[in-house]
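Based on the sequences and whatever the hints tell you, model everything.
Here this note's numbering is used: the first residue of the sequence shown is 14, the next is one more, and so on.
You may find that some hints are simply not true.
[Unchecked claim] Have a look at the derived ranges for each label pair, beta carbon to beta carbon:
| no. | residue 1 | residue 2 | range |
| --- | --- | --- | --- |
| 1 | F177 | P96 | 25 to 31 Å |
| 2 | R146 | M70 | 18 to 24 Å |
| 3 | E182 | G40 | 37 to 43 Å |
| 4 | R51 | L78 | 20 to 26 Å |
In case anyone wonders, no lab produced these hints; they're calculated from the structure.
Just so you know, even glycine gets a beta-carbon here, dropped at the ideal spot from N, CA and C.
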Amino acid sequence: MEADRPREIAGRERELFSYLVRRVVSGFRPRLAEVEARSAARAGEDSQAAFQGLVAMGWVRLDPLAGDFSGVGPFVFEDSDWPVSIGETAVSARSALDSLAVHFVSGKDVFIRSHCGYCSREITITIKYGRIRSAAPAEIRVFLPEEADPPAPSLFFCCPSDFFSWRSENPRAGTALTLEEGLIFAEGFFGGAADEGNVS
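Have a look at this one:
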């Protein structure tokens, strides 16, 4: 997730996305064969078209070599620099902004443990009820790229000065958001997509 927000999802697409998110939040990695079997069982409900629509929009990502999912929404199925704890469940996000979005997609309290993209200082964030409940250090910044750039996604920085130091060495188009602004952006991007009910 960067500035290239996919279109909103509804109907069967939303139902399938919600199912996949519930699997991830419950600590399970959804498997392509499982979804294909589920789609076949509901052929009359156009589930296959819903799945293909999610893939086309980027809400679901596939690894062609493995023949399985590589990610769903803000989640990736490999270790990343943005680990998120949802209660006892550990997941990985694909960028700084995606780690913030996990709260809204899952509807659960989350704890993020990451690091500064410049000095590697530890960054921790707790999100509850749609708000930042704790964050350390105090002046975290979130880099929002102007365009999606998978080799260098959105990053956390421990303070504005580290962001500007990094920016002087990495002249990429984009802007630095405060943590609160990043949370608002993340909510607007993925918020409510999984139809999980009230954010806890």
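Structure-based check of all given hints:
Hint check: F177 to P96, Cβ distance near 26 Å, so the stated range 25 to 31 Å holds. Checked against the hint of 18 to 24 Å, the C-beta distance between R146 and M70 comes to roughly 32 Å, which is inconsistent with it. Look at E182 against G40: about 39 Å separates their beta carbons, and that is inside 37 to 43 Å. In this structure, R51 and L78 meet the distance hint of 20 to 26 Å, their C-beta atoms being roughly 23 Å apart.
The earlier numbered hint that this structure contradicts is number 2, and it is the only one.
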